[in-house]
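Novice: Here is what each chain is made of, one letter per residue.
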Amino acid sequence: MSTDLERALEAALFAADEPMSAESLAGFLRDAPLGEVEEALRALAEHYERRGIHLVERAGRWHFETAPDLAHFLRREREQVRKLSRAATEVLAIVAYHEPVSRAEVESIRGVQTSSGTLDVLMEEGWVRIAGRREAPGRPTIYATTPAFLDHFGLSSRRDLPGLAELRAAGLLDPVEEAYEDLMGEGSDPDREDADEV
Amino acid sequence: MSTDLERALEAALFAADEPMSAESLAGFLRDAPLGEVEEALRALAEHYERRGIHLVERAGRWHFETAPDLAHFLRREREQVRKLSRAATEVLAIVAYHEPVSRAEVESIRGVQTSSGTLDVLMEEGWVRIAGRREAPGRPTIYATTPAFLDHFGLSSRRDLPGLAELRAAGLLDPVEEAYEDLMGEGSDPDREDADEV
Amino acid sequence: MSDTLSLFGDNAEEQRASDGQEIADERANDRLGTDEALYLELDGWEGPLDLLLDLARRQKVDLRSISILSLVDQYLTYIDEAEALKLELAADYLVMAAWLAYLKSALLLPKDEQEEPSAEELALKLQLRLQRLGAMREAAARLMARDRIGRDVFLRGRPEGLEIAHKTRWRCDQFALIEAYGRVKARTAPAVHMVRERPVMTLDSALDRVSAMLGVTLDWMRLEEFLPPHAEPRLRKSALASSFVAALELARLGRAELAQDEVFGPLRLRRVAR
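Protein chains in written order, with this note's numbering: chain A, 1 to 198; chain B, 1 to 198; chain C, 1 to 274.
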């Protein structure tokens with residue numbers, strides 16, 4: 001059974017927005033004797049020892065905190081699946097086809113600046129890893145794919161990635177404009193032909 | 001001795017910055033069975049009943065708060081409650097006891113026009129919300145109280161409104177016309193005899 | 001809220017339970033201390049019904065057994081005195097006064113001379129209204145007297161908050177990967193410009209052809225007549241352009257004259273006789 005003083009201390013510490021010393025708590029409680037306050041604090045701390053909340057003293061000031069072993073309970077992960085962005089997919093493909101590559105090389109192949117966040121995303125997902133540094137001026141970091149990458153994309157090795165010849169045969173290397181025209185139906189635009197010929 | 005579940009709930013409710021339903025607590029605690037969570041909450045509430053902090057349920061959501069009997073010394077430093085005007089107090093009571101209620105109905109009970117600021121103050125405080133429109137001529141907006149209202153006034157549900165049952169039994173929540181018809185219809189109400197005496 | 005609660009008192013609950021009524025009563029007492037106070041607090045009432053309710057409470061009886069007639073008298077007296085003091089009364093107080101004066105006279109009339117609705121009905125309804133307002137006023141006081149968060153009970157001073165870590169899983173399939181590579185390669189492949197071979201008439205051959213044909217006649221000839229007669233359309237366009245430039249060149253050299261009668265009209269050409 002907790003004493004009235006313990007109850008009052010409990011409430012005061014709970015509502016306080018910063019840790020409180022025994023002195024200031026005693027002042028709060030209509031100037032209760034300091035010795036009694038300290039004793040009550042120790043009794044309270046003992047009561048909470050095996051509970052989900054602990055009463056702890058740090059640098060002479062007391063506060064409640066959640067039990068350290070429960071920290072993982074107080075954090076919930078919410079997973080959210082999103083489609084990898086076009087830029088990230090391109091970077092991943094370049095790393096896969098050219099590994100190991102530096103960021104500068106990825107950019108030169110893509111022809112576009114690549115934000116550093118893009119490689120971070122790929123590394124966080126576990127598809128790309130840092131594969132060391134290139135022995136070249138500036139010793140740039142180089143990147144490569146991981147086994148998890150092969151797993152996820154159903155490849156047994158990087159050699160399974162279709163080569164350039166196959167890409168071409170599949171129409172995947174056609175310049176964008178031509179591919180567009182293919183889609184729109186070839187030569188179906190006689191006006192356009194005439195327009196070319198003046 | 002508290003169980004692991006109780007400890008986890010204790011910590012979660014302690015750390016939470018808003019009241020939590022049993023469902024969301026269960027979700028937090030790695031999807032613990034709802035029944036067990038509810039049971040543990042009741043056990044915890046009982047444990048805290050005689051302590052300086054209470055675990056209370058308001059509108060289906062749980063939170064810790066300081067014991068009411070310790071109010072006066074905690075209050076010393078922190079008067080956090082905005083003072084409500086008398087008009088706002090009355091409008092709040094009318095909304096709470098009659099909800100959902102239109103502004104015209106509030107005005108007919110009070111016998112005065114309600115300035116729009118009054119309802120705004122209550123809505124800003126988060127105690128009153130718009131609850132749709134009444135399917136009646138003019139489709140007037142109707143108002144009701146919020147879970148935050150129950151929270152603030154320490155009510156588990158609207159059924160806990162002080163004197164609600166008595167007011168209802170006495171017909172004091174019925175409109176005047178209805179009450180009048182009832183009185184005339186029965187004619188056996190001794191109160192009415194008194195009332196007629198002029 | 002009473003200040004008499006002791007820190008560790010056990011009877012706090014009971015005390016608080018009666019606070020609502022106390023508050024309502026206190027306010028009524030404050031308000032109704034003296035008649036003088038009545039006038040001075042004119043702004044304190046929220047309309048005539050509020051004033052009537054306070055007057056009714058003065059009768060110190062249950063609202064169900066108040067005397068409407070004496071209530072009407074009190075109200076009318078109050079209004080009269082307020083007017084005597086030249087206090088400005090809001091219109092609704094005067095409207096209520098007029099209505100109550102009517103009610104009073106109706107209540108004093110013999111019943112059989114009354115119209116519908118009867119004075120008794122009006123009086124009863126007024127009483128019912130006062131009861132309802134009184135009930136809500138009391139309910140409001142009891143509500144305000146409850147243990148309120150931030151006044152009587154307090155929440156945790158500084159909660160850590162529960163953390164919800166949002167983790168994103170990325171989705172991508174093999175085709176999207178390969179397609180992306182194709183896209184990159186296609187986009188960045190060195191551009192090779194191939195010029196298709198096309199049937200053309202060069203300026204030189206047009207110059208030869210036009211000057212040769214000019215030698216044949218002195219008459220004006222349309223530019224089109226210098227073009228190869230059976231040329232396919234694309235060659236014909238090229239020949240037209242080259243022949244036009246050739247004609248300009250010959251004119252510049254003084255070997256030919258050019259004429260065009262109107263804008264976009266036929267362009268004619270003839271040899272300059274020497």
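Keep in mind the hints are simulated off the structure, nothing from the lab.
Possibly wrong hints are sitting among the right ones.
What the hints assert, rightly or not - Listed next, the in silico BS3-like pairs over lysine-lysine satisfying Cα-Cα at most 30 angstroms (straight line): (1) 83(A) x 111(C); (2) 104(C) x 125(C); (3) 125(C) x 83(A); (4) 111(C) x 125(C); (5) 167(C) x 111(C); (6) 167(C) x 60(C).
Novice: Now look at each hint and say whether the structure bears it out.
Specialist: Verification of the hints:
1. 83(A) x 111(C): violated, 85 angstroms
2. 104(C) x 125(C): Status holds; Cα separation ~14 angstroms.
3. 125(C) x 83(A): violated, 68 angstroms
4. 111(C) x 125(C): Distance of about 17 angstroms is within 30 angstroms: holds.
5. 167(C) x 111(C): Violated: residue 167(C) and residue 111(C) sit about 81 angstroms apart, past 30 angstroms.
6. 167(C) x 60(C): violated, 68 angstroms
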